[in-house]
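Asker: Chains as they are written, first to last, in full-length UniProt numbering: chain A, 1 to 181; chain B, 1 to 181; chain C, 1 to 181; chain D, 1 to 181.
It should be emphasised that the hints constitute simulated quantities derived from the structure, not laboratory data.
Owing to the predicted nature of the structure, the values given are computational and were not obtained by experimental measurement.
Note that beta-carbon positions come from the ideal geometry of N, C-alpha and C, so glycine has one too.
Treat the hints with caution; some may be incorrect.
[Claimed, not checked] Some, not all, of what chain A presents toward chain D, calculated at C-beta under 10 Å:
1) K8
2) E20
3) R22
4) T37
5) W54
6) T58
7) T98
8) E100
There are 4 protein chains.
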Amino acid sequence: MASRGVNKVIIVGNLGNDPEVRYMPNGNAVANLSIATSESWKDQQGQQQERTEWHRVTMYRRLAEIAGEYLKKGSQVFIEGKLQTRKWQDQQGNDRYTTEIIADNMQMMGGRNDSQGQNGQGNYQQRPQNNQSVQSNQSPPSQAPQGTGGFNQGQSAPSNQPTNTPKMSEPDIDFDDDIPF
Amino acid sequence: MASRGVNKVIIVGNLGNDPEVRYMPNGNAVANLSIATSESWKDQQGQQQERTEWHRVTMYRRLAEIAGEYLKKGSQVFIEGKLQTRKWQDQQGNDRYTTEIIADNMQMMGGRNDSQGQNGQGNYQQRPQNNQSVQSNQSPPSQAPQGTGGFNQGQSAPSNQPTNTPKMSEPDIDFDDDIPF
Amino acid sequence: MASRGVNKVIIVGNLGNDPEVRYMPNGNAVANLSIATSESWKDQQGQQQERTEWHRVTMYRRLAEIAGEYLKKGSQVFIEGKLQTRKWQDQQGNDRYTTEIIADNMQMMGGRNDSQGQNGQGNYQQRPQNNQSVQSNQSPPSQAPQGTGGFNQGQSAPSNQPTNTPKMSEPDIDFDDDIPF
Amino acid sequence: MASRGVNKVIIVGNLGNDPEVRYMPNGNAVANLSIATSESWKDQQGQQQERTEWHRVTMYRRLAEIAGEYLKKGSQVFIEGKLQTRKWQDQQGNDRYTTEIIADNMQMMGGRNDSQGQNGQGNYQQRPQNNQSVQSNQSPPSQAPQGTGGFNQGQSAPSNQPTNTPKMSEPDIDFDDDIPF
DNA sequence: TTTT
DNA sequence: TTTT
Numbered sequence: 001m002a003s004r005g006v007n008k009v010i011i012v013g014n015l016g017n018d019p020e021v022r023y024m025p026n027g028n029a030v031a032n033l034s035i036a037t038s039e040s041w042k043d044q045q046g047q048q049q050e051r052t053e054w055h056r057v058t059m060y061r062r063l064a065e066i067a068g069e070y071l072k073k074g075s076q077v078f079i080e081g082k083l084q085t086r087k088w089q090d091q092q093g094n095d096r097y098t099t100e101i102i103a104d105n106m107q108m109m110g111g112r113n114d115s116q117g118q119n120g121q122g123n124y125q126q127r128p129q130n131n132q133s134v135q136s137n138q139s140p141p142s143q144a145p146q147g148t149g150g151f152n153q154g155q156s157a158p159s160n161q162p163t164n165t166p167k168m169s170e171p172d173i174d175f176d177d178d179i180p181f
Numbered sequence: 001m002a003s004r005g006v007n008k009v010i011i012v013g014n015l016g017n018d019p020e021v022r023y024m025p026n027g028n029a030v031a032n033l034s035i036a037t038s039e040s041w042k043d044q045q046g047q048q049q050e051r052t053e054w055h056r057v058t059m060y061r062r063l064a065e066i067a068g069e070y071l072k073k074g075s076q077v078f079i080e081g082k083l084q085t086r087k088w089q090d091q092q093g094n095d096r097y098t099t100e101i102i103a104d105n106m107q108m109m110g111g112r113n114d115s116q117g118q119n120g121q122g123n124y125q126q127r128p129q130n131n132q133s134v135q136s137n138q139s140p141p142s143q144a145p146q147g148t149g150g151f152n153q154g155q156s157a158p159s160n161q162p163t164n165t166p167k168m169s170e171p172d173i174d175f176d177d178d179i180p181f
Numbered sequence: 001m002a003s004r005g006v007n008k009v010i011i012v013g014n015l016g017n018d019p020e021v022r023y024m025p026n027g028n029a030v031a032n033l034s035i036a037t038s039e040s041w042k043d044q045q046g047q048q049q050e051r052t053e054w055h056r057v058t059m060y061r062r063l064a065e066i067a068g069e070y071l072k073k074g075s076q077v078f079i080e081g082k083l084q085t086r087k088w089q090d091q092q093g094n095d096r097y098t099t100e101i102i103a104d105n106m107q108m109m110g111g112r113n114d115s116q117g118q119n120g121q122g123n124y125q126q127r128p129q130n131n132q133s134v135q136s137n138q139s140p141p142s143q144a145p146q147g148t149g150g151f152n153q154g155q156s157a158p159s160n161q162p163t164n165t166p167k168m169s170e171p172d173i174d175f176d177d178d179i180p181f
Numbered sequence: 001m002a003s004r005g006v007n008k009v010i011i012v013g014n015l016g017n018d019p020e021v022r023y024m025p026n027g028n029a030v031a032n033l034s035i036a037t038s039e040s041w042k043d044q045q046g047q048q049q050e051r052t053e054w055h056r057v058t059m060y061r062r063l064a065e066i067a068g069e070y071l072k073k074g075s076q077v078f079i080e081g082k083l084q085t086r087k088w089q090d091q092q093g094n095d096r097y098t099t100e101i102i103a104d105n106m107q108m109m110g111g112r113n114d115s116q117g118q119n120g121q122g123n124y125q126q127r128p129q130n131n132q133s134v135q136s137n138q139s140p141p142s143q144a145p146q147g148t149g150g151f152n153q154g155q156s157a158p159s160n161q162p163t164n165t166p167k168m169s170e171p172d173i174d175f176d177d178d179i180p181f
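Using the sequences and the hints given, assemble the complete structure.
Answerer: Here is the structure:
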């Protein structure tokens with residue numbers, strides 16, 4: 001109910017690979033995504049520079065299933081979650097630490113990146129089957145006072161379907177053995 | 001379950017007045033807070049400038065009760081929520097709009113950092129009695145999927161449908177005359 | 001340099017109309033966008049409910065120009081900015097208040113919404129001419145567009161010094177009659 | 001100017017130790033902070049559970065100096081920044097990765113809410129030496145402590161304790177053996 | 001109306 | 001290692 005602190009991460013980036021979805025013994029899904037965000041700037045010499053940051057994102061349950069179904073390599077996605085560093089042992093028995101973003105909210109961007117119908121986009125939040133987690137942002141209309149309604153609500157409609165998303169950077173190959181991420 | 005879009009606000013500021021707490025017919029608490037954030041900068045003349053922004057924040061249920069109990073004029077607080085503009089009519093019958101931050105997460109600041117006693121500070125998130133809304137950030141160890149099955153729901157979660165969503169919103173009557181904020 | 005408080009808004013939504021871009025006497029661009037975010041949930045009766053929230057977003061300088069060039073009705077966009085409520089007088093001389101999101105960072109989603117090549121997407125932030133980094137939250141009164149001319153305009157904001165900051169943003173003339181948004 | 005993606009972290013937590021401040025050859029300060037955020041919940045058995053997450057935070061220049069001057073073990077602070085994972089080699093020559101939060105905005109919490117004196121609190125953001133505004137998300141390589149001296153390393157540096165940090169940044173001597181964080 |  |  002009460003905790004001390006805020007631990008929030010928000011990223012908008014592209015998947016370097018298709019999501020990896022596994023299932024727990026209890027049937028819950030777990031998805032691992034590798035998402036890239038990049039920033040570019042000019043250095044002192046006026047040279048354009050770019051740096052790509054790869055984020056390891058983990059999702060559970062329904063969110064994991066949705067990711068596995070709608071996201072793929074190259075997909076652009078908005079992720080909201082928290083940071084979590086877990087400890088593990090490598091083959092030599094050394095302690096290792098891997099930091100991941102545990103997602104609790106996801107918004108697929110750009111609709112179709114494979115150009116078809118319209119869909120495959122939307123905001124999904126953790127919404128445990130029993131009644132756990134979740135997020136409030138979208139929670140019911142909390143106080144929803146509205147009333148009339150009126151205009152504009154049509155909502156605007158998005159569009160952006162034809163997203164020919166990209167090759168993205170780096171093949172992102174490898175990620176071998178010992179590397180936690 | 002799914003929504004399109006992200007609507008998030010994060011502020012850290014000070015209360016301009018003690019929280020105003022009211023109770024709905026159904027017994028739920030509603031709190032209204034006026035929170036200031038300010039920024040300062042130097043203008044071209046090198047003059048120090050400052051601008052204060054006042055935010056109208058609304059909280060419901062448990063969060064409202066906690067605010068009423070622990071916050072007061074001058075308190076520094078971290079608020080996370082969403083924007084919501086509601087329409088109302090002024091005395092002349094004109095449509096008016098007021099934008100508020102509907103909070104779903106609160107972190108009282110200012111614990112003792114000067115090493116003395118301790119006090120009421122901590123992070124509180126919407127955690128409806130029935131089991132609605134809420135936020136995930138703090139949700140149980142969300143990563144913790146494995147294992148059993150159900151668990152986790154402990155607090156964290158909310159479940160979105162069984163949301164006894166509420167009438168909540170209460171007409172929001174009152175708020176006097178003409179001033180929206 | 002130092003300010004008290006944090007005032008941050010993050011939304012991902014769709015434009016309800018094409019951006020409205022105007023130019024200040026000093027040549028700086030100002031763009032007004034109407035962006036929708038929506039959330040859906042099931043009420044107690046199990047009925048699917050939806051609520052759309054419309055956000056008024058204002059951008060300055062370079063960001064405004066980019067918005068005018070690449071965004072259109074329906075475009076999905078990520079916006080980061082701060083809340084700002086400005087006071088104005090309606091025709092009856094009554095005080096009115098309108099809350100806007102002053103954007104300092106924008107990320108066009110979904111690449112092409114018109115289906116062509118790949119592009120038209122990317123993250124743009126307020127970035128002073130000298131080419132530093134920037135962001136507005138704390139930045140000087142990023143909204144501060146007006147005034148002279150010159151500098152900083154690069155994009156909206158930053159620079160913390162030469163900001164001819166302002167007495168708030170432009171009168172915001174125009175916007176018709178009575179409706180604040 | 002333009003980048004693809006958003007990489008943002010927001011935490012509110014307490015320092016586990018006094019900040020470690022070092023200076024680069026070029027005179028720029030670099031601070032390493034270890035900040036804890038915790039969440040609590042009840043497990044299936046109704047047992048109160050708690051999990052603490054430790055975040056490694058790195059700041060540069062002015063922000064680093066302010067942190068060194070005003071923060072200390074136990075201080076509560078709001079941090080906004082971006083995630084950055086740097087690669088380094090351990091003694092066995094294995095690749096290791098450490099994820100840090102490169103801060104570009106800081107708000108010291110805990111001013112007096114109990115009405116007494118006043119103190120060192122406030123929001124400080126990255127503000128390049130030339131005195132512009134700044135922020136890092138998009139900012140150029142904000143970590144890029146320009147100037148000479150091996151700049152950019154700026155970023156890697158830190159390590160707050162056991163970091164066998166890497167070549168990257170600065171000598172970054174010390175920091176023991178194998179543990180990255 | 002807060003805070004610095 | 002913090003904090004509650």
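Asker: If a hint holds in the structure, say so; if it doesn't, say that too.
Answerer: Comparing the hints with the structure gives:
| no. | hint | in the structure |
| --- | --- | --- |
| 1 | K8 | holds, 5 Å |
| 2 | E20 | violated, 18 Å |
| 3 | R22 | violated, 22 Å |
| 4 | T37 | holds, 3 Å |
| 5 | W54 | holds, 7 Å |
| 6 | T58 | violated, 14 Å |
| 7 | T98 | holds, 8 Å |
| 8 | E100 | holds, 9 Å |
Hint compliance for this structure: hints 2, 3 and 6 are not met, and every other hint is.
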